[in-house]
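Residue numbers (this note's numbering), protein chains in the order written: chain A, 1 to 267; chain B, 1 to 290; chain C, 1 to 370.
Don't read these hints as lab results, they were simulated from the structure. Where is the CB? At the ideal position from N, CA and C, for every residue including glycine. Among the hints, erroneous ones may be present.
[Claimed, not checked] Taking beta-carbon pairs under 10 Å as the criterion, some of the chain B residues facing chain C (in silico):
no. : residue
1   : A181
2   : H184
3   : A185
4   : Y199
5   : L202
6   : V280
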Amino acid sequence: MIMQKRTLGLIFYFILLLLPIYWMLNMSLRTNADIMRVFTFYPQNLTLENYIKIFSDPTWYSGYLNSIYYVSMNVVISLVTALPAAYAFSRYNFLGDKHLFFWLLTNRMAPPAVFLLPFFQLYSTFGLIDTHFAVALSHCLFNVPLAVWVLEGFMSGVPREIDEMAYIDGYSFPRFFLTIFMPLIRTGIGVTAFFCFMFSWVELLLARTLTTTEAKPIAAIMTRTVSATGLDWGLLAAAGILTIVPGALVIWFVRNHLAKGFAMGRV
Amino acid sequence: MNKWNDNKAWFMVIPVFLVVAVSAILPLMTVVNYSLQDIFSPTQRIFVGTEWYRDALTDPRLQEAFGRQMLFSGLVLLIEIPLGILIALMMPKKGWGASLSLVLVALPLLIPWNVIGTIWIIFTRPDIGLFGAAINHLGLVFDHTASPLDAWITVMLMEVWHWTPLVVLLAYAGLQAIPEAYFHAAKIDGASSWATFRYIQLPKLRGVLTIAILLRFMDSFLIYAEPFVLTGGGPGNATTFLSIYLVKIAVGQFDLGPAAAFSIIYFLIILLISWLFYQVLLKAGTGEKS
Amino acid sequence: MARIELKNLAHAYQPNPKDAADYALKPIDHVWQDGLAYALLGPSGCGKTTLLNIISGLLKPSQGQILFDGTDVTTRAPQERNIAQVFQFPVIYDTMSVYNNLAFPLRNRKVAETNIRSRVEEIAEMLDLSADLEKRAANLSADAKQKISLGRGLVRSDVAAILFDEPLTVIDPHLKLLLRRKLKQIHARFKLTMVYVTHDQLEALTFADRVVVMNDGQVLQIGTPQELFETPRHTFVGFFIGSPGMNFLACRVSRGKALVGSAQIALAADYGALEGDFELGIRPEFLKLHATQTLGSLPVKICENENLGSCKIITVQLADQQLKVRLGEEETPPTTAGFLEFPAAWIRLYAKGLLVEPEPRKQPTQEVPP
Numbered sequence: 001m002i003m004q005k006r007t008l009g010l011i012f013y014f015i016l017l018l019l020p021i022y023w024m025l026n027m028s029l030r031t032n033a034d035i036m037r038v039f040t041f042y043p044q045n046l047t048l049e050n051y052i053k054i055f056s057d058p059t060w061y062s063g064y065l066n067s068i069y070y071v072s073m074n075v076v077i078s079l080v081t082a083l084p085a086a087y088a089f090s091r092y093n094f095l096g097d098k099h100l101f102f103w104l105l106t107n108r109m110a111p112p113a114v115f116l117l118p119f120f121q122l123y124s125t126f127g128l129i130d131t132h133f134a135v136a137l138s139h140c141l142f143n144v145p146l147a148v149w150v151l152e153g154f155m156s157g158v159p160r161e162i163d164e165m166a167y168i169d170g171y172s173f174p175r176f177f178l179t180i181f182m183p184l185i186r187t188g189i190g191v192t193a194f195f196c197f198m199f200s201w202v203e204l205l206l207a208r209t210l211t212t213t214e215a216k217p218i219a220a221i222m223t224r225t226v227s228a229t230g231l232d233w234g235l236l237a238a239a240g241i242l243t244i245v246p247g248a249l250v251i252w253f254v255r256n257h258l259a260k261g262f263a264m265g266r267v
Numbered sequence: 001m002n003k004w005n006d007n008k009a010w011f012m013v014i015p016v017f018l019v020v021a022v023s024a025i026l027p028l029m030t031v032v033n034y035s036l037q038d039i040f041s042p043t044q045r046i047f048v049g050t051e052w053y054r055d056a057l058t059d060p061r062l063q064e065a066f067g068r069q070m071l072f073s074g075l076v077l078l079i080e081i082p083l084g085i086l087i088a089l090m091m092p093k094k095g096w097g098a099s100l101s102l103v104l105v106a107l108p109l110l111i112p113w114n115v116i117g118t119i120w121i122i123f124t125r126p127d128i129g130l131f132g133a134a135i136n137h138l139g140l141v142f143d144h145t146a147s148p149l150d151a152w153i154t155v156m157l158m159e160v161w162h163w164t165p166l167v168v169l170l171a172y173a174g175l176q177a178i179p180e181a182y183f184h185a186a187k188i189d190g191a192s193s194w195a196t197f198r199y200i201q202l203p204k205l206r207g208v209l210t211i212a213i214l215l216r217f218m219d220s221f222l223i224y225a226e227p228f229v230l231t232g233g234g235p236g237n238a239t240t241f242l243s244i245y246l247v248k249i250a251v252g253q254f255d256l257g258p259a260a261a262f263s264i265i266y267f268l269i270i271l272l273i274s275w276l277f278y279q280v281l282l283k284a285g286t287g288e289k290s
Numbered sequence: 001m002a003r004i005e006l007k008n009l010a011h012a013y014q015p016n017p018k019d020a021a022d023y024a025l026k027p028i029d030h031v032w033q034d035g036l037a038y039a040l041l042g043p044s045g046c047g048k049t050t051l052l053n054i055i056s057g058l059l060k061p062s063q064g065q066i067l068f069d070g071t072d073v074t075t076r077a078p079q080e081r082n083i084a085q086v087f088q089f090p091v092i093y094d095t096m097s098v099y100n101n102l103a104f105p106l107r108n109r110k111v112a113e114t115n116i117r118s119r120v121e122e123i124a125e126m127l128d129l130s131a132d133l134e135k136r137a138a139n140l141s142a143d144a145k146q147k148i149s150l151g152r153g154l155v156r157s158d159v160a161a162i163l164f165d166e167p168l169t170v171i172d173p174h175l176k177l178l179l180r181r182k183l184k185q186i187h188a189r190f191k192l193t194m195v196y197v198t199h200d201q202l203e204a205l206t207f208a209d210r211v212v213v214m215n216d217g218q219v220l221q222i223g224t225p226q227e228l229f230e231t232p233r234h235t236f237v238g239f240f241i242g243s244p245g246m247n248f249l250a251c252r253v254s255r256g257k258a259l260v261g262s263a264q265i266a267l268a269a270d271y272g273a274l275e276g277d278f279e280l281g282i283r284p285e286f287l288k289l290h291a292t293q294t295l296g297s298l299p300v301k302i303c304e305n306e307n308l309g310s311c312k313i314i315t316v317q318l319a320d321q322q323l324k325v326r327l328g329e330e331e332t333p334p335t336t337a338g339f340l341e342f343p344a345a346w347i348r349l350y351a352k353g354l355l356v357e358p359e360p361r362k363q364p365t366q367e368v369p370p
């Protein structure tokens, strides 16, 4: 009985969760005029026009490619730098560790509106404007602290005896870290990778400020659907549906790491 | 857990420090610099000291926006954290059901924030939106462009729909990390499912919930794009949250000084509240300083 | 307290087991007596934890029945079986004090608070936890945490059996001994049926009244530590128990003699005229090594002399097979060659891994296959 109640509750939640997304899908398969004119549960005059437009217009699909490019770059930088740092925070006491740990998080706290201008100035000084690297690096500001925090939480769950045992067995630090420790916290790495991907993927303000044409992200290109005649809802909805796809693929790949617990217990 | 004492651990932290500091320190200093000046043009500046800070702190509209913001973030935490835990508990632990649930739950997180606002505009329209039409069909008058309460309800619904999945994912990963032996022991001890939750799952989730609460607090306190696109801060000023008001100042006055001072105050408020949360959560559940 | 009966019990993790290899636990039929301490001993993956989980009710067997004192409990949930279990890693309720941890199972069973207090204090006293009752359980050491897990089982006066799943894994070596002694005391005092899973033979042999040796999902032998040592019913048991394990020599058998290569070893009984290949098993402790030839001893080459302090392990070669001989520390073995004596009383014979009993008198030597 309890199992059934759970499943029912979950299905109910998923229906609510999917309704707005379904509505977006519904809109994406209709023309703009049709959307504004009639209320319908499903597209009566189904059209792929919006999707065709996105796939045939290079500015649209290059937006996707740009986003994927800098987001992947950001995920890699975030994980590679955050893994050793999170290990240090979870295993060692060192000068200023607690302050540094909290300071990292403060970088997610600045209201972006006014900070955008100095950001633009800073990145222009380095000649990085309109490069993928600039966006990837600027997104580290909020993703790296998140990665360190999440990973530290998972690493602290692994008993320190495991490290000690490995060092006694003569493992070098890199070998221990790669072959023993990382598999133990793969749940945490999966969660972290997904969050970094997600926050970088949907971030709009920094990405738009730091790019002009060459590295312009998809979220910024979407604002082009506003034209003289108003917003092209159908086109925007189609673009919205397409922005979900890469992330859904990412979570599909990390799902096994999320769905399996640790081999070792948190003691 | 007791840790090793070794300052060499700094070497492992340096890459993170550099990557973050590059983007963090100079812009912050620049904004502090702006906030102390009256800027007419890049070459014409007057040092005004703390004048902008005094202005900001005595601005009644800012105080109202702050009150609204506190209410909003408070509601967000009160709803999303318990709801997120509940859903994580309901999700299957393994098999295709687990994979499907994970993918579904993550979908709202992956939509760019400006698009979310746009989708909800249509979704809540009584003529062509599913939600608006459904509410009207029930015979209720619902219009988020006219009624402040309706606007709040809509913004909250959108926020809960959009961000609860973040709490779900964190809580789910945390639950997966609890070894089976704990549940076995609880069964043998005759614990009810509530007692199992209260004494095993909740304490073991403390770490991930700390992260979830801090993240949700900070991000909801800074929320801009979704409510701005949906309501434009209205009707009246009903949904003008701090960042919406901040942008109004920055764009409206062509003067970076007051906006910069506002930003710094804003930043310090988040910092202070987050720090309080962090301290409380750090000690909660451990009961004593270990 | 309970007698535990396992009736044709088996378990496979996949739904439709086809052959024996699919079974994590192969069919077992046995009665475990009330009040005895049993150890389930075997290498990892041998099915001992599966068996334990079936007894505790965490796992439902795919076939067979399990009875406590004659009552079928196969389909009962763990909390309805009156058992207690101590796990490999200490399971404690982190946010509770030691007192509340111990009181938890009683509170869940709606026992009156005054009874809880007296019971918890009694158990805490016995486990040397009285001083820590008000402390938070999370801040204690691993051995204290394991005692709390044990205590949560002991507080329940109706507990039928206590199950242990390698409970000393995370305990410091010097504390292991103390904790093991505590377990023996508790067993002596409460006369509880105890089932103790371990892969450490020393733990099993010192703790248990009966040792259940398992390998590859199969129960190979159940017996007292002495029986396992003197008469292993299976070569695996002989090899697994003892350090070093039993010596096995490939041989042929002719009535009262075993033939190893060209050497003849006298046996204690007449095994009849047996065809085929056999293994002669003898414990290193029972072999005698002489510098000069004695009656019935065989010349061997000495390959290795290992001094372990309290004893010496000598590796010798007979024909082309090696054996280990265990000598006391005061004995000095010959250096390059010697003479090995096989006391007939300690020689066991095995065919295809199983013990061969000496031929009972007056029966035909061998059945002729049709």
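>> Hint compliance check: list the failing hint numbers for this structure, sorted ascending.
In response: 6
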